[in-house]
Each structure stands twice: as C-alpha cells, then as structure tokens.
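Enquirer: What follows is each chain in one-letter form.
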Amino acid sequence: MKLNRIGIILIACALAAITLVVALLVVRQQASQAAQVRNKGVGLVKALSTVPMALLADSSGRSGVLAAVLASNDGSDFAYVTIGDATGRTLAEIAGSGSIAPATPLPADAQAGFGERTLPATGGSAPLREFYGPLADASGGKAFVRVGFHQPGFTVLAQDVSFLALLALMMFLVVPVMYVVIKREMAPLAALSQQLRGQLRQLAAPGRPDQAGADDMRELIANMQHYLDQAGARIVQLEEGSLNTTADNRLLQYGSKKLNAALQSLPDGLLMLDPAGDVTFASGKVEPLLGIPMDQILGQPLDAWCCDPALRTLFGRYSGDLRDNARSHKIDFAPQNVEGRQLSATAQPLSGGHGTMSFGTLVVLRDVTREYLARQAGNDFVAHVSHELKSPLNVIGMYAEMLADSDDESMRVESLNVIQDEIERMNALVGNLLNVSKLETGSMSPERNRVRLDDMLRDAYEQALPRAEGKQLRVLLDLPRELEAVAIDKDLFRIALNNLLTNAIKYNRPGGSVTLAARNEDNEIVISVRDTGIGIAPEAQDRIFEKFYRVSEAGAATQRGGHGLGLYLAAQIVELHHGRLVVESEPGVGSTFSVHLKIVSAPAGAAVL
Amino acid sequence: MSARHILLVDDEPHVLRVLRLSLEREGYIVATANDGNAALAAMAQQLPDVLISDIQMDGMDGRTLCPLARATYPDHPFLILVMTSMTALDERAWARELANTEFLEKPLSPRQLVARLSRHFAALA
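Chain order of the listed sequences is Z and E.
Using my numbering, the first residue of the first sequence is number 125, and each one after it goes up by one.
Using my numbering, the first residue of the second sequence is number 19, and each one after it goes up by one.
Because the hints were derived from the structure by calculation, they are not lab data.
A few of these clues could be false.
Stated by the list, open to error - Restraint-style ranges between C-beta atoms, simulated for each label pair:
| no. | chain 1 | residue 1 | chain 2 | residue 2 | range |
| --- | --- | --- | --- | --- | --- |
| 1 | Z | Asp583 | E | Gln63 | 44 to 52 Å |
| 2 | E | Thr90 | Z | Asp583 | 53 to 61 Å |
| 3 | E | Ala111 | Z | Pro417 | 37 to 45 Å |
| 4 | Z | Gly594 | E | Leu142 | 43 to 51 Å |
| 5 | Z | Ser534 | E | Phe139 | 26 to 34 Å |
| 6 | E | Ala117 | Z | Ser569 | 54 to 62 Å |
| 7 | E | Ala111 | Z | Asn647 | 57 to 65 Å |
Built from N, CA and C at the ideal position, the CB exists for glycine as well.
Bound conformation, chain Z alone:
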C-alpha cells in the first residue's frame, strides 16, 4: 500500500509540475504582451503629442490624423484615441469597433508629462490600459492625448494547446516507467521498512508479551538477512559475470597467441590470402624464404611485391574470375630474391562449415633446396655413370669394327689390346660402383680380423707386375722382416690397395717405377704406394678423395680412363678401418699415397690369420 502511495505522490508531483510549467508560460506570455502594448501606446502618445492641435481636433470634430491612427491599428487590441482639455472635455475622439472611450478624468500629474494607468472593466468589456500625455501645441489651452488598449487576455494560449498536450503526455509516460522501475528495485527495501515500522510500533506499545516481540524481531532479522543475501547474491552474480567475461577474453587472447606462436614457429612459411587474393597473414619464415620484407607483403596488392612469375600464377588460380577453389596446387620454383634456393609452394583452399564457407587460400612455402640438390646429384650421377659406361662401349665398338676391316696384323693386336683394356675399365667401374653403393647405404659391414699384411702385400705385388710390364714400369716391394698385425677386412682392404696400385701404374710414365712399401711406426703400420708419375697439383690434392673428382689437367686423368671413384672408394675403406689415407705429391715428380693403420696388440691366444 505504501508503494501505491508513492505512485500517487509521483503522479501528483507530475501534475503539479505540469501546472507550474503552464502557469510560467502564461505569465511569460502576458508579460511579453504587456510590454508590446506599452511600447505601442507610449510611442503613439509621443507621436500624437507633437501634432498641431488644429490637425487633431478641427471644427467638424473629425480628424484625418486620428482616422489614420485607427486605420493602421484597427483589428489589434487598439481601443481608442481621445484629445481632451484639462477639464476632461473631449475635443476629438476616435475608437475601434466595440470600444468606447471612458470619460474618466485624468490624474493631476498628467500636466507634468507622459503617464499610464489601468482602467477597470466596464459593462462586459475587458479592462483597458491607457497611455496619456500633454500636447505640445497649447494654442487652444492645455490639451491632452489619451490612447487606450485592451488589456491582453488568455486567448493567446489557445495556439499553444497542442504543445502543452504533448508535454503533459510525455510526463505521463515517463512517470509510470519511473514508478515501475522504482517499485521493482525498492520492493525488498520497502517490505523491510514496513516490517521495521511495525516492529517499532510494537516496541512503543507497552505491555506486550516478550515472546511475540522476540518472534517479530527474529522475523525482521530473517527478512533483513534475506534482503542482504539477495542483494549480496545479486552483486556476486554481477561480479561473476564480469569476471567470466574477462576470463573468457583472456582465454581467447591466450589461445589466439598460442596459435599464432605455433604458426610462426613452423619450419615452413605460411601465407593466407583472402578471397580477393590479398595477403592477410604471413608467418615470419616467409620473409627469409622469399627475401621480401614482411611489410611489403602484408595487405599489399600482389603485383606490388610478388616478383616470382610462378608464384603469381599460383596465386592467380585462387582469385579473380579464373578461381578454382576446389583443389590444391603445388609448384616448385627458385625465388628471385634469394640466390641458390629452391622452394615449393602448396596452395590449398581454406573452407569451413563443410565447404560452405570460404576463408580464402592457405599457401605453404617450403625450402626444398636440399631435396632439389639431392635430386640433381642423383640425376648427375646417372648421367655421369651412363657416360662413363658409354665411352668404353663406343671405343670397343670402333675397334671391333677396325678388327673386322683391317688386314694389318699389328692393327689387329692393337685393337684387341684396346678392347681388353676398355672391358677392364668398365669392369672396374661397375665393381667400384657396386662397392660405393654398398658403402654409402651402410650395407657393407667390414669383417675385421687380426692379420699380418705380408702375404696380402706380396699378392698385390704379384698381380701388379704383368700390368706394369706392359707399360715398361718397374714394380718394387719393400717390406720389413716382420710386420705387426692389424685388424682389417681382407677383401675390402684388397680393393683399396688395388685401386692405389692401379692409379700408380696408370698415371706413371714409361721407364718409371711403382714402389709398394710397408713399415712399423710407433703404434701404426704405414703402407705406402709410391709412383714416379705426373704428380698431382697442390690445389687438386685436397679434392682427389671426392666422389667423381678427376684431375682436369690436359693429358692427365681423362686420357687415362679414370672415372673418379677409385681414390674415393679407397679413402672410404680406409676410414671404415679407422685409418688415414694421406697423399704427398709433387707435379712432374710423383705421388705417394700412405695408409696409416693402428697396430692391434694381440689378446692372449688370439689367432693371427
């Protein structure tokens, strides 16, 4: 009930406010109209007071001047103009329609100057406001002019009715809203207040049983507690809401940052294109991969930064009219701004919601330089090997033809020798290729046994003799009385030794020599193959153990059918035995290749093969 009272009070206040506003408006309106009338009246009186008496009141009693005043003022609140003498007698007079000039005598001070007064209403007409003053032309004795205006009424308000109605309506709309809001928010407090008031009344009333008072008090406290709980819960609810929102935002930010960090640390470069084909995201790796600064890529038109035609074509597939959103495309290209780099770019349409939404295109840039070089090396290897195999075949074919065509005995012997040499060369190449391949794939595991090298070195020497004799070379064997044992794979080591001897014979000069020697040295055995051949230039010495490396000196390796695998294989085999292969050479004098192998101290009872 209290609440309803508040409501009624509010409505009453609203009504009072409206009344006040209307009253203020009316007062203001009246004041402004009174000021208007006064201006007009005073002005008219002053104007007329300067007019000659003869013009104002002629003998006929009708004045042209006064008629003109009426004509210009009729229709407004103008009432009358009279010219009278000091006794109050009217000399001339003119009045608006429905107005009569009252014959009220002028006050005594009228002679002194201009004045004004209000004449009470007479006979149903509105009160009049009269302005008066003495005439300047006093030829006909003292005379006065009086100008009357109707006092302004309330009629003016009529034109403001619509505005006032609107104002009232707004007030009435605002009030219920305020009422409802206040009632809602204040309800628990109002209930509490009522309770408290009841309690106070009960306390004031004497002689009530304590029990009832205590019960009421308990109820009051319970209610208060309830209210406080409710308010507290509301506050907690609001705080929780705010906290949750903040936490959600933080979580979202964290997730986004984490995702970004993951994208940035990918080993590949990522580019995201919007459906129009502009770059909206680029990970940090893109910059070094393409050699284009990030700020030139992001948000810039493609033509402005992309100088790789292959990449432009790829991007073009995913934008504009030729768009092909369904498939992914992959290209390999060499970026223009980075030297010696090979990249692959894979473009993939980004779609979500089961393909109904398109977010643009994802382009993954990957450095494939290594794969590219490996592929190229593989191709080079195949080209090289096929060339190496075709060359002896070519020679064999030619000599075979010559063998068939020639009757000359020495020519036939030469042909047969060359054919045999070339077959040997091919055989060596194929054998070395197989061994290299096994070594490189790791499928060749040495079977190491403790051996004394004497016999093996003697065998190698025996085998080299006939080949050397064909080239007028001497072969020397220089072995100490006793050689320490080493742990080696005999078959593998024989290949290495053979390759070294083959080279020593091949790159020698007629009348030269090849020396196969071995010696004990501290904890090593050193096996050396020395020739008196053409030697190796210092700059080539570092590279002779590289695969397929051939000394490219005119008249050297190439004319002697080397294929760039012999020394490589020998070095690999020595390394497999944890040894070292060392070269010393002087161009024109000869070369010495030394194999250093660790001496293996014999375990008790171990057999030496």
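Please build the complex by placing chain E on the supplied structure of chain Z, with the hints as guidance.
Expert: Relative to the frame of chain Z, chain E by itself:
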C-alpha cells in the same frame, strides 16, 4: 680434287686414333685435338672442311667450341658434326641454332662416318 681436311675433337685418345685411321685410309687429311682450345688452335693452322666434335670434354667442351668456331670463321662454310652419347633431346637445343650442324649418334661406327662424309662431299660437288 684436292684432299679434304677433317678436324677431330675428342678427349678419348682411342676414339681419335680409330677415326683418324679410318678417315686417313679414305684419303682425308686429319687433324686431332683433345679439347676445344686445342681445336681452335688447330683451326688457326688449317681450316677444316668438316669439324667433328665430342660434347663432354674437360677443358673447353663441344657446346662452347662449336658456336665459337662458327662465329670465328663466319665466311668459311664447314660442316659441323657433333658426336654425342646423350640421347636426351633437350641436350641438342643449343646446336639447332647453328647453321650446317648435325649430330652423330654414339656408339659411332667409323664405316657410317665415312659413308656420311662421302655423301656430304658428293652433294657439294
């Protein structure tokens, strides 16, 4: 008719020897070189009617030698025969722009080469 000059360029001495013997038996005057530089030096001594060159050679290779020989002697109308074991077509593009240049497929038969040269000189006569 005066003897025709042939310049053989290959880094394989056996090839040079066999071809030289085969061509000399037919009455050609044969000069040999083991790379492009030696070939250009030989050309300065005696301009050949036919230049027969390998492609892969250490030193100056055939791909460099042939255009250079053509450019050095633009007024001398000699035939260039390129010996190649590389059958890949893309390895031949460079020679297509050279006038009067043809390929000889390896393995090369001296008999076929002799026949090829006979046809060439017969057409000239």
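Enquirer: What are the numbers of the hints that this structure violates, sorted from low to high?
Expert: none
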